[in-house]
Every structure is written in C-alpha cells, then in structure tokens.
Amino acid sequence: MAAESVGQGLQQVALSTAFDVHFPALEVVLPLVAAPLCFLFRSRAFARILSAAVAWLTFGVALVLLQKVLAEGTVRYPLGGWAAPYGIEYRVTVAGAWVILVVSLVAALTLLFDSRGSASRLAPERRYLYYSAFLLCLAGLLGMAITGDLFNIFVFLEISSLSSYALIALGRDRRALMASYSYLIMGTIGGGFFMIGVGLLYQMTGTLNVEDMAQRLPAVLDTRTVLVGFAFLLVGLSIKLAVFPLHQWLPNAYTFAPPRVSAFLAGTATKVSYYVMAEVVFVLFGAHFVFTEIGLGAVLMPLSVAAMFVGSLAAIYQADLRRLLAYSSIGQLGYMTLGLSLANVEGLTSGLVHVFNHGVTKSGLFLVVACVGYRTGRTTVRSMAGLGTRMPATSLAFVIGGMSLIGVPGTAGFVSKWELIRGALAAERLWLAAVVLVSSLLAVVYVWRVVEMIYFGRPEGLESLGRDGEPVREAPFSMLLPTLILVAATVVFGLWSDPTLSVARSAAVELLGGAGG
Amino acid sequence: MAATETHAQYVMGETVRLLDGPLQALLHPALPLLVAGVVAALAPPRLRKALLVLAPLWGAWNLLGFTSGDLVSAELAGFELILLRVDKLAFLFALLFHLAALLAGIYALHSDDRMQQVAGLLYAGSAVGAVFAGDLLVLFFFWELLAITSVFLIWARRETASTRSGLRYLLVHIASGVLLLIGAALHWIEFGTLVFERMDLGSAASWVLLLAIGIKCCFPLLHTWLVDAYPAATELGTVYLASFTTKTAVYALARGYEGCEPLIWIGMAMAMFPIFYAVIENDLRRVLGYSMINQIGFMVCGVGLGAGLGVNGAVAHAFNDVIFKGLLFMSMGAVLLRTGRINGSELGGLYKTMPQTAGLCMVGAASISAFPLFSGFVSKSMVMTEAAHEGYVVVWLALLFASAGVFHHAGIKIPFFAFFAHDSGLRPKEAPLNMRVAMGIAALLCIAIGCFPNALYALLPYATDYHPYDTTHVVQQLQLLFFSALAFVTLMLTGIYPPELRSTNLDVDWFARRAAPRTLRVLAAVGGAIWYGVLAGLADVLKVVRSVVRWLHSPAGRLGEPWPTGTTVFWAATLLGLLLLFSYLGSAL
Numbered sequence: 001m002a003a004e005s006v007g008q009g010l011q012q013v014a015l016s017t018a019f020d021v022h023f024p025a026l027e028v029v030l031p032l033v034a035a036p037l038c039f040l041f042r043s044r045a046f047a048r049i050l051s052a053a054v055a056w057l058t059f060g061v062a063l064v065l066l067q068k069v070l071a072e073g074t075v076r077y078p079l080g081g082w083a084a085p086y087g088i089e090y091r092v093t094v095a096g097a098w099v100i101l102v103v104s105l106v107a108a109l110t111l112l113f114d115s116r117g118s119a120s121r122l123a124p125e126r127r128y129l130y131y132s133a134f135l136l137c138l139a140g141l142l143g144m145a146i147t148g149d150l151f152n153i154f155v156f157l158e159i160s161s162l163s164s165y166a167l168i169a170l171g172r173d174r175r176a177l178m179a180s181y182s183y184l185i186m187g188t189i190g191g192g193f194f195m196i197g198v199g200l201l202y203q204m205t206g207t208l209n210v211e212d213m214a215q216r217l218p219a220v221l222d223t224r225t226v227l228v229g230f231a232f233l234l235v236g237l238s239i240k241l242a243v244f245p246l247h248q249w250l251p252n253a254y255t256f257a258p259p260r261v262s263a264f265l266a267g268t269a270t271k272v273s274y275y276v277m278a279e280v281v282f283v284l285f286g287a288h289f290v291f292t293e294i295g296l297g298a299v300l301m302p303l304s305v306a307a308m309f310v311g312s313l314a315a316i317y318q319a320d321l322r323r324l325l326a327y328s329s330i331g332q333l334g335y336m337t338l339g340l341s342l343a344n345v346e347g348l349t350s351g352l353v354h355v356f357n358h359g360v361t362k363s364g365l366f367l368v369v370a371c372v373g374y375r376t377g378r379t380t381v382r383s384m385a386g387l388g389t390r391m392p393a394t395s396l397a398f399v400i401g402g403m404s405l406i407g408v409p410g411t412a413g414f415v416s417k418w419e420l421i422r423g424a425l426a427a428e429r430l431w432l433a434a435v436v437l438v439s440s441l442l443a444v445v446y447v448w449r450v451v452e453m454i455y456f457g458r459p460e461g462l463e464s465l466g467r468d469g470e471p472v473r474e475a476p477f478s479m480l481l482p483t484l485i486l487v488a489a490t491v492v493f494g495l496w497s498d499p500t501l502s503v504a505r506s507a508a509v510e511l512l513g514g515a516g517g
Numbered sequence: 001m002a003a004t005e006t007h008a009q010y011v012m013g014e015t016v017r018l019l020d021g022p023l024q025a026l027l028h029p030a031l032p033l034l035v036a037g038v039v040a041a042l043a044p045p046r047l048r049k050a051l052l053v054l055a056p057l058w059g060a061w062n063l064l065g066f067t068s069g070d071l072v073s074a075e076l077a078g079f080e081l082i083l084l085r086v087d088k089l090a091f092l093f094a095l096l097f098h099l100a101a102l103l104a105g106i107y108a109l110h111s112d113d114r115m116q117q118v119a120g121l122l123y124a125g126s127a128v129g130a131v132f133a134g135d136l137l138v139l140f141f142f143w144e145l146l147a148i149t150s151v152f153l154i155w156a157r158r159e160t161a162s163t164r165s166g167l168r169y170l171l172v173h174i175a176s177g178v179l180l181l182i183g184a185a186l187h188w189i190e191f192g193t194l195v196f197e198r199m200d201l202g203s204a205a206s207w208v209l210l211l212a213i214g215i216k217c218c219f220p221l222l223h224t225w226l227v228d229a230y231p232a233a234t235e236l237g238t239v240y241l242a243s244f245t246t247k248t249a250v251y252a253l254a255r256g257y258e259g260c261e262p263l264i265w266i267g268m269a270m271a272m273f274p275i276f277y278a279v280i281e282n283d284l285r286r287v288l289g290y291s292m293i294n295q296i297g298f299m300v301c302g303v304g305l306g307a308g309l310g311v312n313g314a315v316a317h318a319f320n321d322v323i324f325k326g327l328l329f330m331s332m333g334a335v336l337l338r339t340g341r342i343n344g345s346e347l348g349g350l351y352k353t354m355p356q357t358a359g360l361c362m363v364g365a366a367s368i369s370a371f372p373l374f375s376g377f378v379s380k381s382m383v384m385t386e387a388a389h390e391g392y393v394v395v396w397l398a399l400l401f402a403s404a405g406v407f408h409h410a411g412i413k414i415p416f417f418a419f420f421a422h423d424s425g426l427r428p429k430e431a432p433l434n435m436r437v438a439m440g441i442a443a444l445l446c447i448a449i450g451c452f453p454n455a456l457y458a459l460l461p462y463a464t465d466y467h468p469y470d471t472t473h474v475v476q477q478l479q480l481l482f483f484s485a486l487a488f489v490t491l492m493l494t495g496i497y498p499p500e501l502r503s504t505n506l507d508v509d510w511f512a513r514r515a516a517p518r519t520l521r522v523l524a525a526v527g528g529a530i531w532y533g534v535l536a537g538l539a540d541v542l543k544v545v546r547s548v549v550r551w552l553h554s555p556a557g558r559l560g561e562p563w564p565t566g567t568t569v570f571w572a573a574t575l576l577g578l579l580l581l582f583s584y585l586g587s588a589l
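Protein sequence lines correspond, in order, to chains A and B.
Residue numbering for the first sequence follows my numbering, starting at 1 and increasing by one per position.
Residue numbering for the second sequence follows my numbering, starting at 1 and increasing by one per position.
Fair warning: there could be bad hints in the mix.
As the list claims (entries may be wrong) - Looking from chain A toward chain B, a few residues come up when the C-beta cut is under 7 angstroms (computed):
(1) I185
(2) A231
(3) I239
(4) Q248
(5) I294
(6) V310
As the list claims (entries may be wrong) - Residues from chain B that keep clear of chain A, each with C-beta distances beyond 10 angstroms, as calculated:
(7) L57
(8) S68
(9) G425
(10) T464
Stated by the list, open to error - Beyond 12 angstroms from chain B on every Cβ pair, some chain A residues (computed):
(11) F46
(12) W82
(13) E158
(14) P392
(15) A426
(16) R429
(17) F477
(18) W496
(19) V509
Because the hints were derived from the structure by calculation, they are not lab data.
From the three backbone atoms N, C-alpha and C, an ideal C-beta is built for every residue, glycine too.
Modelling step: build the complete structure from the supplied sequences, incorporating the hints.
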C-alpha cells in the first residue's frame, strides 16, 4: 500500500507539469503567506485589499479543485514531494473540496463587506493585525479540510482556533475578552482531546496518514487503546462542533466578536469540524464500527435532537440578535449531526448540503445584523423596530434568511431539511421526521419575533435615532452588497438545488464508501 | 328517416315526429309560461294580471299543436339532450298543469304581489318542462327550477316562520335535485345513457333516483316538508304549490317505475298514515296537506300496480286531485284571506256570509270523498278495482279504510269546521269575485268529469273500457260514505270526536326540527364542557411547559445562560466517559 501510494504520488508530480497540480497546496499557502505579509507591511489598506484578494483567489482555486475532484476523483498532493505515508499528503476529496468552497466563499464575501465604524477594539492604525489573524484563521480552516494527515489536521485546527480566539477578543464589547477566554479554554481542551486521540491511534498503527491508518486500524480495532482514542477524537471534535451539551462557548463568542468575524466563523468554523468528524467516523473508523459495534447513534442522535430543541428554544428568548442567531446555529448544527448519526446517504447528504446552505444563510444573517448595528448602534431585537420602512433591503434580507432558517420551501434551508427528513424516513425513523418538523416550528417563533418587530414594531423615543444621533437609513452599498449576495444565494440554491445537492450527494456516497466501511 | 328510427326507441309504439327544424310555428310547451313569467317580472300590474290568465291559455293552445311522438333533441358537450318528448302521459300532465295554472291565475287576480305572480308562472312553466324532459339532465334542470321558483311562494308570506319554513323546503328540494343528479350520473355509468325511461329497481341509479323522486313525492318519512311548507305559504301560494311539485313527482314515478311492486306498499302506507294526523290537526290547510299525501298514496299505489288500469287510475286521480284539491285549497285560501284565520277551532258559521264559497268547498269535499257523480269517484275506484283485481286484498282493505278516512277529515271536517259547527261570530265578506270564478270553474270541472268521465279516459296513457258507474261500485262507495258519515255524526254527538284544539301536532319532522337540535344542543353542551375541560387542562399543561421552557432556556435559565467554563468542561468529561462506556460495552458484547 505504501509503495503504491508513493508510486501514485510520484506519477502525479511527474506526469503533470501543469500548474494546477499545485492547487491543493496553493489553497492553503496563499492565506498562510499573506498573513505575515499583512503584519510586515503594517498598512490597513494594504491588508484589507490583500486579504480580500487572497480570499477571492482561494475561492477560485476551490472552484477549480471541486471541478477537478468531481471529474477525476480524489486529488492527492504529496507535500514537498515526500510521498505518503511518510510525508504529509494533501488529499482533496469531494467532501473536502465542497467544504473549502464554502469556507472560501464565505471568507471572500465577509471580507468584501465594508466593516466601517470602530467595529473592533483595535486602533485603526493597528487594524492590519485583524486581517492577519483573519487570514491565518482562513488558512487553518482550509488546511483542515485539505490535508490527509491526522496530525496536520490538529495543526491546522490549532492555527484556526488560536487566530479565532484573537479575532473574537477584538470585539468592541469588553465581554468579548471573557467570551474569547472561555472559548480558548474549551477550544484548547477540544484540541487537546483531539491530540490525545491522534496520539493513541498513532501508538497502535504507527501512521498518521488518514487512509493509511484506516487500512491498519481494523487489525487493532478491538483494543482498548483504539476505543479510547476514538472517544477522545470524537469528544474533541464535538467541542469544536458545539454539540449539545458542549455548546456553551459558542453563543458568547459569536455575540461579542466583531461583526464580520461572527459572520465568518458562524458560516465556516463549525462546518469544517463537521467535515473532520465525518472523515473520522466514516473514513477512518468506518460506519460499521462506529454505528454497529460502538453504537454512536445512541449517543449522537439524542444529543442532536436535544440541540435542535435547546438551541431553538433558547433563541426564542434572546433579546440580542446575534445571540439569537448563535443559539439558532446550535439548533442548526443539531440537524447536521442528526444527519450524520443516521449514517445513510440521505442523512449525510443533508448534513453536507447544510454546510453550504446554513453557511450562506447564517453568514448572511450575521451580516444583516452588522448592517443594523452599523446604522442603529445596537444589535438587540428591539433595535429592529420599524426598520421595514427605513432599511427595506436589509429587512427583506433578514426575512429571507429567516425563512431559510425555518426551512420554508423555495429557500436553501428547505433543501437540507427535506433531505434530512428523507434520511429519517430511509432509516425508518418516522418520529425523527416528526421531531424535525416540530423543531422547525420553533424556528418560526424566533424568526417571527424579529419579523414582527421589523414590520409592526414602533421605535420609541430615541430608538428612532441611529448610532450618531441621525435618523436610521438604509445600510451603505458596500455593506449591503455581500449581504444581499449571501441572502440571494439562499433563494437561488433553494430553488435551483441540483448543483448543491448533487455535489453533497456524491460527497456523502464517497464518505460512506470510504476505507474501512 | 334514419334519425327517426334511432329515436323510435324513446317513444315506444308511437310515430316519431322529429321537430328539429323550423317545422312548425310551435314553441317548446314550457316556454309560454316561462316567458310570461320573465315578462311579468318587468311588467306593470295590469299586464301581469293579464299574463296570469292569458299565458296558460296561450300555452295550452301551443300545447295542442303537439301530438304523441314529437321529439326535440339538442347536443350539448357530447350529450344528446332530449328537450322535448311528447307522449300521452306527458301530454296529459302538461294539459293538467296549464289548467291548474289558469285556475290559480284567475284565483290570483285580486293580488298585486309581483313576487307571487312571477314565481307562480315560472313554477308552472318548470313543471311543464319537467314532464316533457326526455332525459335525466333536462329533468334535473327543471326539477331544480321547480324548487327554486316555488320557494318564493312560501317566502311571499313575509313572516319569520314562513321564511324559515321556506328555507327548510328549499333545503329538502335541493337535496332531492342533487340526488337526481347523482342518480343521473350513476345511470350514465351503468347504462351509458341518460334517457329517462322505465327502470327496474335493482341498479344503484334506480334506487337513488327513486329516493330523489320519493322526496318530492312525499314518501313516508320524507313527507314532512309538505305539511311544513304548504300551510306556511300565502293563500295564493298554497294553491300553486298544491298543483305542481307533487304531481311532477307522480309523473316521474309513472314514467320510471311503472309496475314496481314496492310502490304498492309505499302508496298504501301513504294513504293510511296521514289520516290520523289529519283528524287531529287544527290548521285546516295542514289538514289538506295531509289529505294530499293520502291522495298521492292512491296514485303511488296505482303506479305500483302497473300498466293498464293501475297507471291509468294513478294518472286520472292526479288529474282530478289537482282540480278538487285546488278547489279545497282555494276555498281555505278565501277563508284565510277574509278572516285571517285558518285554525278549525277559531272558525265556524261562515256559511252565513260566505255561502258561495261554502257551497263550492262542499263540491270539492264531495269530489275528494269520491261521491258518485263527482270526479274523485271515477279515478279512485280505478286504483282500488285494480288492487282487488291483482289480488292485493290487504291493499284493497287499506285503501278502503283510507277512503273512509278521507271522507272523514277532508269531506266532512273541512267544510264542517270552517263553515258550520259552532258559530265563531265571524262575519267576513264573501270571497272576491275572481276567487269565486276560479273555484266555480274548478267545481264545474269536478262535476263534469264525475258525470262524463270518458273525456278524461280518452286522454289516459292506456286504452281503457273502464266503467265506474256499475252497481257494485256505486253501492259499495255509497255504503262506505254513509257509514262513515254516520260514524262522524255519532262521534260528534257523543262528544268523543277529538276537539279542535289549539295545539301543535308532532310529526316525524319533530325529530329533525326539535329533537335533533335539542339533542345536538345537549351534546354540544356536554361536548363543550369536556372540550373546555380539555382546553383548560391543555392550557395548564402549556403553562407548565412554558414556565419550564422559560426556566430552562430564557437568558436567565439553566440552558439559556452562559455557563461557567467549568460546567462545559464537566460535560466534556461526562461525554467522554459516556462514549468510553459505550465503546467498552459495544466492543465487549
């Protein structure tokens, strides 16, 4: 196997002299190199342009990669020419390409968003640090999805986590520091658990390459060490994925982070962790071991259902819009992990398509809140009162995004939910389908609260005045554009769901048919 | 000629004359009355009155241009509709309806009520259209038109009670129409044709159609609309109502169910049960309503007895019934118009000031009681003779009893309580001239038909050589009548006869109108209480759920508040332990 891999790697390098061979590496290297450049040039304008350009480049590369993967199958790239399993191999699967596409798209659009005003704690002349951290985080997230090496996953996980702690701590509200610190503790524990798991598995198999390890694991599956390693891996990822009851770092982090950071992390960070969890479960250990022998479903399914309800119910009671959206995210992640725990094609497809659908929806909504915050100076539900006439486009964007959260037909959220219900029915769990529908009603409640405020609420007293004591107006175009693009995407891919669904389905099929399954 | 042959099946044993070109200057027989009705809706009062009299005459003249075998068909959406089919059965009924429309028209001349005049003409026209309808769809059209036009005659009284009564009437008749349409659809499915011909009971369509016709025909238990609605209409409206709806139904029965045995027993029941109600009923027009059901019972029985004397008797009796029952309703209408009262207990002694009306009423009473030389005798005896001839002894006895009963409640009771009995002290004027003229014509017809029955017999669908005036018939009928009169006199003198009480008698519609709503109300109250309890319980549960949810999930709640990091770490450890346990158990098993 090892020799074969070596051969393959060499062949790829040797036969193809075209530049696009290096795209898997380029995808990670671009933001990784741009980050210190931002730091070195110490110019806010330069950093802003560079980061946006890099983000769009990574998006372009991701698009090419996805097409290539779909056409030719898994793309392998031995880093530095060192073939797997000895060297680090970048391995782009359909699922991985799909996730980096979402991540780079959300990054590109949030960087396009013109974050005016003093949205972060940094003095304007040091704002380049923000972009540095942002690019590092992007590089980490992309790397997690691209690399085919377990330890490398850990490294990228830590890069993205550390930079995101920094980003969250930049929030203007002083509570951002506490939120960041809390996330730091939890994220470090998560990362540590993941590392412990990787260490235990390395001890038993002697390899770090995912595919190679998947080949060797079946021989030692019944050892306690592997079982403990699996448990550590899974709990570590569950923390990053904010699985109930390990979700409490998330609401504060998203609430107090700078607006664009909330939008970016909400659309990407948990999604990448979801991909890694799917890879660990289906590729590394195989669905048979995880679901039949260990019975992970019995743990993950109830927790997912609990997350759906706890997240949505808590969202109903929130006074702060970003907090509301954060709790809603916990519920939506519940749908994704539920799809994973079904361990069938429909369920996993719904989870993977929700990576995209929820990514654009939630990022769009966080950007809407950023627009509202910029004009009104507040981000409470109350601050939306009467915005229907004063910020019509922003208001409409929230309504559409909210409909997608509910899963109204014609929006992206419906596509994922429909697939999830199909998955539940395919697994002959009718009650799960019912539970999904009932929990969607909770989303109606928390979305309606805001919509009612937008169109029927009356601003009282000083509430009609904006941030600088001026009347509230529509958000500037440079803020509105990326917001509307994301919201429009929820409608476009809600109505025209073929491309997203077909990619997600082939990714699911690929994962389920993975090694060891 | 090919077309003639294909249509020959529709008109058995007659020469078919297709009327699909501008063959003759003839209108569809229903058109004169319908057109007159529409014109009357816009015309001034004087012209309306002229139309009331002239339209039936014009229609009758038009009708006389048709002969048996005439056929008009049209194609609509793939269905061949037979708009007009003339044979002796339909012709006789159409003639009767024109006669009835004429009498009612003359009777109505004193009134200026546009609603009643228009409704009356349209109503008569729909009845004519219905008897000439050659297929079930056209029949359905006129069937519903009958219901819709006639209900205005009830509403014309403009009282709350009659409005509600009219609504019930409309509901019943629309239901009948819907059943007819369903029956037509079933007929199309089962036989692939909509032509309305004789059916054998057995197919689903035949039963549904029988039910539809039975409602209009006042089959037992389906009869309540009649005694509910007819007394609620105006004095004029009841005269119209009494002539058309039930007779159209009798026509439909004779057309579709000739010789179906169940009809004999249904008819027998119809002839019997109303007698008891009629004897104790106080409202004299309702008495006539029950008497009407009793007379229709004879007709239904005759139809059930089948071709020949049975159907002849049924049809002849329908013809006579329209005239003498119309006469009786007209006399009661005159009493109602002049006194404003119609209850037997409030009337009496009116002969002193309304002698002509009293006399004419007694002619009608004699006719309905089937005195020899009056019209009832020449037709009713046909049905009874046929029943005896066919060996239905029980039926014959029952009809005999019913005849005695009719004499009792219609022949004696109506004139006696209205015009004689104890003097109520009322001294109303004689009925208006037009009413007396109408009643006079009707009375003359009663006597004329009674004396010269052969004119009527010639119009009957089946050739007949029936002779009503033989010794047996006359003697038997006279015995019956005299002993019946003796019984009445004895009962009156001994005081046993049920007094006319100011009371409401309960018919089976009590169940629909009182018991059912009351039961429903009780059920609703009980159900409401239970439902309220359930709702209250649910509300309590919801309250608890809400407070629990709030306690758990609100920003100050267990799951809604930000946890200390330690709590999350604790849960991470717990989850790890749980997973380890699961893995251990899973791998150990």
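I185 of chain A as chain B interface residue, shortest Cβ-Cβ below 7 angstroms: Cβ of I185 of chain A sits 5 angstroms from chain B, so the hint holds.
Interface exclusion of W82 of chain A relative to chain B, criterion Cβ beyond 12 angstroms: holds (34 angstroms)
Separation of F477 of chain A from chain B, once the least beta-carbon distance is taken, above 12 angstroms: holds (35 angstroms)
Proposed interface contact between A231 of chain A and chain B, which counts if any beta carbon pair is under 7 angstroms: holds (4 angstroms)
Status of the hint placing Q248 of chain A at chain B (closest C-beta pair under 7 angstroms): Cβ of Q248 of chain A sits 4 angstroms from chain B, so the hint holds.
Reported absence of E158 of chain A from the contact zone with chain B (all CB gaps over 12 angstroms): holds (17 angstroms)
Given as non-interface: A426 of chain A, which should sit over 12 angstroms from chain B by C-beta: holds (23 angstroms)
Assertion that S68 of chain B lies farther than 10 angstroms from chain A (Cβ): At roughly 66 angstroms from the nearest Cβ of chain A, S68 of chain B sits farther out than 10 angstroms, so the non-interface label holds.
Least C-beta distance from G425 of chain B to chain A larger than 10 angstroms: G425 of chain B is indeed farther than 10 angstroms from all Cβ atoms of chain A, at 73 angstroms.
Status of the hint placing V310 of chain A at chain B (closest C-beta pair under 7 angstroms): holds (5 angstroms)
Least C-beta distance between P392 of chain A and chain B, which was stated to exceed 12 angstroms: Holds: least Cβ distance 30 angstroms, greater than 12 angstroms.
Status of the hint placing I294 of chain A at chain B (closest C-beta pair under 7 angstroms): holds (4 angstroms)
Violated hints for the displayed structure: none, as all numbered hints are satisfied.
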